[in-house]
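Novice: Those protein sequences? They're chains S and Z, same order as listed.
In this text, residue positions in the first sequence follow this note's numbering: the first is 347, and each later residue adds one.
In this text, residue positions in the second sequence follow this note's numbering: the first is 21, and each later residue adds one.
Be a bit skeptical, because a hint or two may be false.
The list that follows gives simulated cross-link-like pairs (lysine to any residue, SDA-like), each with its CA atoms no further than 25 Å apart [said to hold, decoys possible]:
(1) Z:K249 with S:S415
(2) Z:K168 with Z:A182
(3) Z:K218 with S:P778
(4) Z:K191 with S:L491
(5) Z:K79 with Z:I28
(6) S:K767 with S:R751
(7) Z:K249 with S:E466
(8) S:K718 with Z:E192
(9) S:K861 with S:Y715
(10) Z:K198 with S:Y715
(11) S:K776 with Z:I28
(12) S:K527 with S:A442
(13) S:K407 with Z:N240
(14) Z:K249 with S:L424
(15) S:K787 with S:E807
(16) S:K407 with Z:D233
(17) S:K431 with S:S413
(18) S:K431 with Z:K249
It should be emphasised that the hints constitute simulated quantities derived from the structure, not laboratory data.
Please read all numbers here as calculations on a predicted model, not as lab measurements.
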Amino acid sequence: MDTLLKFENFGFKYDAQSAPTLFDINFSIKKGEKVLIAGPSGCGKSTLVHCINGLVPFSYKGKITGSLSLFGKETRDLSLFEISKHVGTVLQDSDAQFVGLTVAEDIAFALENDCVGEPELHDRVMQVAKLVNIHDFMGHAPTELSGGQKQRVSLGGVLVDDVELLIFDEPLANLDPATGKQAIELIDELQKKTGVAVIIVEHRVEDVLHRSVDRMVLMDKGRIVADTTPDELLSTDLLAEKGVREPLYLSAMKYAGITVTPDMKPGSIDTVRIGEDEARHIQDWYEKAPSDKAPADTDTILDVKHLSFSYDGKRKAIDDISVNVKAGEMLAIVGTNGAGKSTFSKVLCGFEKENSGEIFFEEKDFSQYSIKERADRIGYVMQNPNQMISKVMIFDEVALGLKSRGVSDEEINTRVENTLKICGLWPFRKWPVSALSYGQKKRVTIASIMVLEPKVIILDEPTAGQDYRHYTEIMEFLTTLNKRGITVIMITHDMHLMLEYADRAIAFSDGKIIKDADCAAILTDSDIIERASLKETSLYELCKKAGIPDGTDFVRRFIAYEREVVRQ
Amino acid sequence: MNNLFNYIEKESPVHRLTGATKFVCLLLWNFAAMYTYDTRYLLVMAILSFFLFALSKIKLKEVSFMLGFTAVFVVLNNILVYIFSPQHGTEIYGTCTYLFGLSGKYAPTAEQLFYHLNYFLKYLATIPSVILFVSTTNPSEFAASLNKLGVSYSVAYSVALALRYIPDVQKEYYEISKAQQARGIEMSKKAPLIKRIKSASAILIPLILTSMDRVEIVSNAMELRCFGKNKKRTWYMGRPFKWTDIAAMLFCVLLVIIAVFLNFYNKGRFFNPFI
Chain S
347 MDTLLKFENF GFKYDAQSAP TLFDINFSIK KGEKVLIAGP SGCGKSTLVH CINGLVPFSY
407 KGKITGSLSL FGKETRDLSL FEISKHVGTV LQDSDAQFVG LTVAEDIAFA LENDCVGEPE
467 LHDRVMQVAK LVNIHDFMGH APTELSGGQK QRVSLGGVLV DDVELLIFDE PLANLDPATG
527 KQAIELIDEL QKKTGVAVII VEHRVEDVLH RSVDRMVLMD KGRIVADTTP DELLSTDLLA
587 EKGVREPLYL SAMKYAGITV TPDMKPGSID TVRIGEDEAR HIQDWYEKAP SDKAPADTDT
647 ILDVKHLSFS YDGKRKAIDD ISVNVKAGEM LAIVGTNGAG KSTFSKVLCG FEKENSGEIF
707 FEEKDFSQYS IKERADRIGY VMQNPNQMIS KVMIFDEVAL GLKSRGVSDE EINTRVENTL
767 KICGLWPFRK WPVSALSYGQ KKRVTIASIM VLEPKVIILD EPTAGQDYRH YTEIMEFLTT
827 LNKRGITVIM ITHDMHLMLE YADRAIAFSD GKIIKDADCA AILTDSDIIE RASLKETSLY
887 ELCKKAGIPD GTDFVRRFIA YEREVVRQ
Chain Z
21 MNNLFNYIEK ESPVHRLTGA TKFVCLLLWN FAAMYTYDTR YLLVMAILSF FLFALSKIKL
81 KEVSFMLGFT AVFVVLNNIL VYIFSPQHGT EIYGTCTYLF GLSGKYAPTA EQLFYHLNYF
141 LKYLATIPSV ILFVSTTNPS EFAASLNKLG VSYSVAYSVA LALRYIPDVQ KEYYEISKAQ
201 QARGIEMSKK APLIKRIKSA SAILIPLILT SMDRVEIVSN AMELRCFGKN KKRTWYMGRP
261 FKWTDIAAML FCVLLVIIAV FLNFYNKGRF FNPFI
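One chain only, chain Z, in its complex shape:
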C-alpha cells in the first residue's frame, strides 16, 4: 500500500533505535547541515549519511522513487540558481576567478562552481537522513515514542490513527469521484477553474459526510475500549530507550556543536578557500 510512511521492515541498528530518537536526530542533523556551508563538514556529513544508509540495510532500489524524485529536484534547483544568480559565488567569497578563459555574466567562475558543490553537498547530507527516517520508522512505534518524550498520548495516537485511515479515505475519494463524473461532473482540465472548484464540492461534500459518520463510529469504538481512561497508556509497539538511543542523540548534539563552532571559526557560514 502507498502509505505516507514507507516503512520498510528490516533488522538493523538504525531500525532498533526508537522513533523518537530518530526524530530528534533528524531534527538535529538537519539543523546542523542547514546551519553551515563548511565544505569539509558537509562532506563528512554526506559520507556519514551513506554510511548510515548501508548500516540500515535499506537498499537503494527500495527507495528509488524518493531518490529519483529528489535527484530531479536537486538538478533543477541547481540549474535555476545558476540562471538567476550566476555571480552568487563571487558575492559570497569575495573573489572572481573566471575559468576556461571566458568572461561575462554567465561565464563559469571557480567561486560559483564551488558554491554549487556546497549546495549539492548540503542535499547529500540532508536528503538521505530524511529518507532513512521515513523508511526505518514504524509509525505506531513512532507514536509510542513521541508519547514517551512527553507528547500527550491522544496527540501521539492521532498520528497513528490518521495513517490508519488514509488508505480508506483515498479509496472512498476515488469511488465518489468516479460516480460523480458519471453524473456529468467535469473534473478534467477542460473545464474552467471556477467550474472545477464547484465540481470539487460534489466530491468533497459526500466525502466529508461519510467521514463524519466514520468519526462517530471510531470515537465510539475507542471509548468503548477505554481510550482516555487513564492519564497514561502503554504501547504495544513501544520500545524502551536504550543506551544506543542516548548515544545517537548525543552524537547529533555534538554535530550541532561542531557546526556552531565552525561558524565562529570560519567567521560566517561559509568556508572560504579563495582567500
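Just chain S, same shape as in the assembly:
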C-alpha cells in the first residue's frame, strides 16, 4: 500500500459552470514523493488542489466523474475533516490564512478544533514551532512577522496534524526572491525530516527546481499533458508551448543552439552538464550576440534629493533617498519587504508627507502640490486591481478621475475612448468590470490612471500572481505605453521582470538605496543580491560553467538578445 493518492479517469465540473474544469485526470502520488504541478492560469491546477484537499466537493459543489482515492478510499465518501487529517494545505496567501491572534494560537488552531487538551496541546505546538523554527516568536501577531515567517507559521499550522501529504498552492507568490529560495529549501528539509509526500503547485518552475523534485506534472486546459521527471520535461519545448516560463539558463542554452537532452540533467542549474561542446556553443553565441545599447540620454523628469520619511518618528522608513529619473525610462525598484520601496512611491504621490528632502518634477518644486495635483503628473497603480475598482461599468471606472476633475462630458468621452483603445479595452467598453479576468481588470486600473495623462506611472507589483502569458501581456502593454513616452516605474520582486523589461534598477535596503545601476550589474553583484533579498540569476552560473569570465556582460547580452531578436 504505497500509493497515497490515486486519480483514475477523474473529471470535475463546477455546478456554476457549464463545461467541466478537469478531464481524464490519471495520476497517483506515492508515500514520501515530491511532485511539482505546473501550468498556466486557468489550466485547472487550483481545482485539482481543491479536489485533493476536499474543498471539492464539500465546499465547492460540482459533479465528479471517475475516481479519486486516498489510501484506497473514495474521497467523496469521506468528509472534509477526515481528509484534512491526512492532507495539509498551505494556501497561496499566507497573510490571509493566518487565523490566530498570535503565532502560537495559529499553530494550535487545528488541534483546538480536534479537542486536544492540556498539556498535550501546548507541548505539541511547541514541538511543531521548533520544527519550523518559529518558536522565538510565539507571542507575536501576524502584522509583526515577515513574509517568510508567516509562511513558517502556516506550515506549522498544518504540520501539527501529522499529515501524510502536504500541498503548497503557489508558495512563492508573495515572497521576495531570497525568501522564496529559503521557502523551497525549508519545504525540502521538512520533507526529508518527516517523510511526508509534497505537492507544490507553482508556475515559477525554475525557482521550485532549486531543490530536486521526483516528478513534474504539466497541466493545460484541464488535462495533464505531461507527467515525468524534470530532466525529461525540460528537454522538451512543452513548457514554453503551454505558456509556462522555462528556466533562463535553458533559454540561453537553446539560443546558443544546444539541443537539450535528459542525460544533460537540465532539471536544475546545479545539475545541468555543460560539456566542452556546449560551452563552445555558448561562447560562440556570446561573442556574436549584440551588446546592449546605452539608453538615449533624455531630460530629467523627476529629481529626488535627500528624501527622508518616518511613520513613527523613530525609525526612518526611507532615509536620504536621492534618485534621478529620466523621461521615457523604464525603471525597476527592488528590495525586500519593508525596505522602503512602497513608502518611497507613497511619498512621491503625496500619500505621506516627507520629513525632509526635496522632489522636483520637470524642475518644479513638487512639495506644494496636493495629492490630486500630483496625480495629474505621477499616476499610481495599486497591486490588487480590486483595491481600486469602484464602478460597475468599465467606461465609468475609467471616466471617474476625469469626472471628479470637472472635465466636460464631451471631452470625457473622447479621452476615455482613446485610452480604452490604447489599453486594448475598446471591445469591452460596454462590459461590466466583473466580467473581466484579473489581468484585464489590471488593465482597467491602468487605463483609469492613464486617462489623467500623467507623464510618469508607478506600478506596485504589476505582475504579481500572473502566469507567464498574462505577465507577458501586461508587460508588453506597459512597453507600448513606454514607447509612447510615458516614464514607467515598477516596484517588483520579480527578477525576470526587471531583467527583461527595466532599463535600470534601484535596490533598496533598510530605507536606503544600496545600488542604482543597470539590471545586469545588480543581478550579478552578490553583495547587493544578499542585502536586497534578491537571488543570483541562473545565467550567471551558466556562464561560469561555460567558462565565460564576464558574467555581467553575458547577462547584458542575453537581455539585449531577448529584446531585439526573440521578442520581435
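Assemble the complex: chain S is given as a structure, and chain Z must be docked to it using the hints.
Specialist: For chain Z alone, coordinates are given in the frame of chain S:
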C-alpha cells in the same frame, strides 16, 4: 498596534482571573454602581477600584490616553448638567441650601454640589473598572472563557477573529482612500455632504470587495483545519476556572445585593444627608 483591546501583559491577580470572570464582574460591578446614588457606597466602590488598579500593576501612564479622554468627558458632562439643570439637586433632596450668600437660578446650592459629588463618584466607581477590564483581558483568552460560559464557540471565535483582522482592514482602508484621492475623489470637509457620501462609496466598494475575497480565503483556511468538526473545541489560551474566579464573582454579586439593599434602606436611589 492600536487594538480595540489594549491588552497590557503583566503578572497580577487581576490578570490571572479568566476573561469571562472579569466580564461578569464588570457587568455586576457597573450594574451596582449605576443602581444606587448612595454616597458612602460609591465612595467605597471608587476606593476599591483604585485598589484593584494598584493590584493589577497597570500603571496610570499606560492607560493615560483612556484616562485623559474620560476625564475630559466627565468634566464636560458635569458642566453641562449644571448649565441645564442647576436646581436638580434641590429637586432630588427636597431642600434648598444656598451657599456663599448667593441666590437665583444659577446660584450654587449645597444639594446641587452634593449631587455633583455623587455624579463624579459614580464615574470614579465605574470608569476604572472598564479600563481595567480592557487592559487586563487577553482577547483570545476572553473568547475561550466566553465559550466556557456557554456561548457557542463559533460566536466566541468570531470575537477573536474580528480583532485579528481589524488592523488589516484599517491598513487597507487607508491605502484605498489615498489611491482614490489621487484620482480626485474629494474626501475633505470642503466637499458638500452628499458628495462626500458618494465619495465614500469609491472607497467602501473596493474595501468590501477585497474583504469578501479575504472572507473566502479565511473560511477555506479554517475549514481545512477542521473548524466546526466537533461540537466542542479546546482553547490554547484557555485557562481553568479557579476558586479566585468564583470568589471574585461572588464578591460582585454581594456588591449588587448591597446596592439593592441600600435602595430599600434609603427609600430610593439617593442617600439624603439634608433631612
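Novice: Does each hint hold? Answer for all of them.
Specialist: Checked hints:
1. For the suggested pair Z:K249 and S:S415, the alpha carbons sit about 22 Å apart, so the restraint of at most 25 Å is met.
2. Pair hint Z:K168 plus Z:A182 holds up; C-alpha atoms about 19 Å apart against a cutoff of 25 Å.
3. For a cut-off of 25 Å, the pair hint linking Z:K218 to S:P778 stands: about 20 Å separates their Cα positions.
4. Restraint check: the Cα-Cα separation between Z:K191 and S:L491 comes to about 15 Å, which is no more than 25 Å; the hinted pair holds.
5. Between Z:K79 and Z:I28, the direct Cα distance comes to roughly 10 Å. Compliance with the 25 Å bound is thereby established for this hinted pair.
6. Of the pairs offered as hints, the one joining S:K767 and S:R751 holds, with about 22 Å between alpha carbons and a cut-off of 25 Å not exceeded.
7. Taking the CA atoms of Z:K249 and S:E466, the gap is near 19 Å; set against the 25 Å cutoff, the hint holds.
8. Note on S:K718 and Z:E192: the hinted pairing holds, with a Cα-Cα distance of about 20 Å set against a maximum of 25 Å.
9. The hinted pair formed by S:K861 and S:Y715 fails the criterion: a straight-line CA distance of about 29 Å is larger than 25 Å.
10. Between Z:K198 and S:Y715 the alpha-carbon distance is near 15 Å, which keeps this suggested pair within the 25 Å criterion.
11. Distance check on the hinted pair: S:K776 and Z:I28 sit about 55 Å apart at the alpha-carbon level, beyond 25 Å; violated.
12. Simply put, S:K527 and S:A442 have alpha-carbon atoms about 22 Å apart, close enough for the 25 Å limit, and the pair holds.
13. A hinted pair counts as satisfied when its Cα atoms are at most 25 Å apart, and S:K407 with Z:N240 qualifies at roughly 14 Å.
14. Between Z:K249 and S:L424, the direct Cα distance comes to roughly 13 Å. Compliance with the 25 Å bound is thereby established for this hinted pair.
15. Of the supplied pair hints, the one linking S:K787 and S:E807 holds, its CA atoms being roughly 14 Å apart against a limit of 25 Å.
16. This hinted pair checks out: S:K407 and Z:D233 have alpha carbons roughly 18 Å apart, not beyond 25 Å.
17. In summary, the hint linking S:K431 to S:S413 is supported, as the alpha carbons are separated by about 20 Å, within the 25 Å threshold.
18. At most 25 Å may separate the alpha-carbon atoms for a hinted pair to count; S:K431 and Z:K249 meet this at roughly 11 Å.
In terms of the numbered hints stated before, the structure departs from hints 9, 11, listed from lowest to highest.
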